[in-house]
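**Q** Here's the letter readout for the chains.
There are 2 protein chains.
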Amino acid sequence: MKVVRTEAELQEALEPARVSRRSIGFVPTMGALHAGHLSLLTAAREQGDVVVLSIFVNPLQFGADEDLAAYPRSEEADLEMARDAGVDVSFVPSVDEMYPAGRSTTVSVRGPARLLEGAARPGHFDGVATVVAKLFNQVRPQRAYFGQKDAQQVAVIKALVRDLSVPVEVVVCPTVRESDGLALSSRNAYLEPSERTAATVLWRALQAGERAVEEQATWEVVEKTMEQVVANEPGVALEYARAVAANTFEAPADGEQVLLVIAARVGRARLIDNLPVRR
Amino acid sequence: MKVVRTEAELQEALEPARVSRRSIGFVPTMGALHAGHLSLLTAAREQGDVVVLSIFVNPLQFGADEDLAAYPRSEEADLEMARDAGVDVSFVPSVDEMYPAGRSTTVSVRGPARLLEGAARPGHFDGVATVVAKLFNQVRPQRAYFGQKDAQQVAVIKALVRDLSVPVEVVVCPTVRESDGLALSSRNAYLEPSERTAATVLWRALQAGERAVEEQATWEVVEKTMEQVVANEPGVALEYARAVAANTFEAPADGEQVLLVIAARVGRARLIDNLPVRR
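Protein chains in written order, with the numbering used here: chain Z, 118 to 396; chain R, 118 to 396.
Simulated from the structure, these hints should not be mistaken for lab results. Heads up, a few of these hints could be off.
It does not matter which identical chain is used: a pair holds within one copy or between any two.
[As the list claims (entries may be wrong)] Taking lysine to any residue pairs in the SDA-like style, the calculated list, with each CA pair at most 25 Å apart, reads:
| # | residue 1 | residue 2 |
| --- | --- | --- |
| 1 | K341 | R200 |
| 2 | K275 | R257 |
| 3 | K119 | E340 |
| 4 | K275 | A125 |
| 5 | K119 | R321 |
| 6 | K119 | E350 |
| 7 | K341 | D243 |
| 8 | K341 | S140 |
| 9 | K266 | R190 |
| 10 | K266 | S156 |
| 11 | K266 | P351 |
| 12 | K275 | D243 |
Source: prediction; values computed, not measured.
Here chain Z stands alone, though its shape is the one from the complex (with noise of 0.2 Å):
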């Protein structure tokens, strides 16, 4: 596996599989690996010819009061799962790499990227989209894989490649959970075990959330029944639970597939899920 820092180093890594037509499957990650970001390293690995992974924890994606300098890293670790799983390129620019001084442009979603975790974060999905054009036009895949786990990204991604006819085939994995339910994320680095515990509510919400919509609920009962759930579990603060639809956000129209998407506040994380649900 080759280890790059820089774009020029990574152009040369990648010129032979160009210039021989080789697939690239490419996985945009913060680092901080878990099985969710290995699932990907999977899927590109089985799909594809040449796998990168690129590892940068994006400073324009983090608000001012945000855990941009508290975020897990651990390079070393990462390199080490990034080998075991068959990468072939490990991409990690500094910030300055990637974000030279003079700086100017911005990518920016509307649509799915307005609501929930767009409004809970301003500026978020502008440093999202921001810092996926440019690795896509770095790394030229032919397929990027996402986790379903953050399905807000994954509708963004899919409006920007499709609003710019990027020439990249999004591929979105299953959520990996524990064997408990708590998706996994490295933000759960951040949860003491009390909170350990208590953060399974955000998945329990979700399964009641499900149970209901099987009910044939409307969706504001939906949403109350998750709320509940949560309301009954200590030190959990809820931000939103919502049956949205996938691909907008919106209050889900008729036929249109649904997300049950959450977000709650446990000790200093901030964590989300989601579940898809059909009706």
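Let chain Z serve as the given structure and place chain R on it in line with the hints.
**A** Only chain R this time, still in chain Z's reference frame:
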């Protein structure tokens, strides 16, 4: 020459070039082609294997009170000129093809896009950056050709390419002028005969500014010199006459490439021109 109107047709037309890794030179235009565009096509023909022209009057880059409806359209003559210039593929998409319903992504460049044309035409450079980012993804050229005449657009596109790591070389071709100095522009078609004569004042002002630079005048005096030339021409309303750094469009610092830039209204036409100078 192939004329294609959808992205799918474009990809089909370009696939042989991609497979054989022939270089693609791209000239994005809004049609109403003149000798200025022709110089771009000629450069693309000389430097690349495959020449792609796009003709798309991009509504995003027109303000609500601007000349979108009136903008000259001459597709048949444009395609004839393209054929004669050795263009291989002309991409002529509809607005619906480029911007289907639900479009929600915008590319914004601050920096050079904030001032002068950016201030006079709010949203203009967002529209330019968004369509150019999309066209670059659709065509994926090795080189793209732009006219020096639209100097601030060039600065915006260079910033976009740098900031988002777009894998394209931006080639800037000199402004093409009528024998009396008027810079070629599709908008010159708006000029009545007497206005056409008066419009040469932009070039006369730039030349007077250049002489002042050669005589070691301060930038302030250079600007006043240009303003004075325009003030002596009845029927021409100056918008600005400035000396700016070519990359940032801010006030020039020592040693930077300087542009004299000018904008004025002549009859229904809003005209711009510029002249690179060295001190």
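**Q** Can you give the numbers of the hints that this structure goes against, from lowest to highest?
**A** Of the numbered hints given earlier, those the structure breaks are 1, 3, 5, 6, 7 and 8, listed in rising order.
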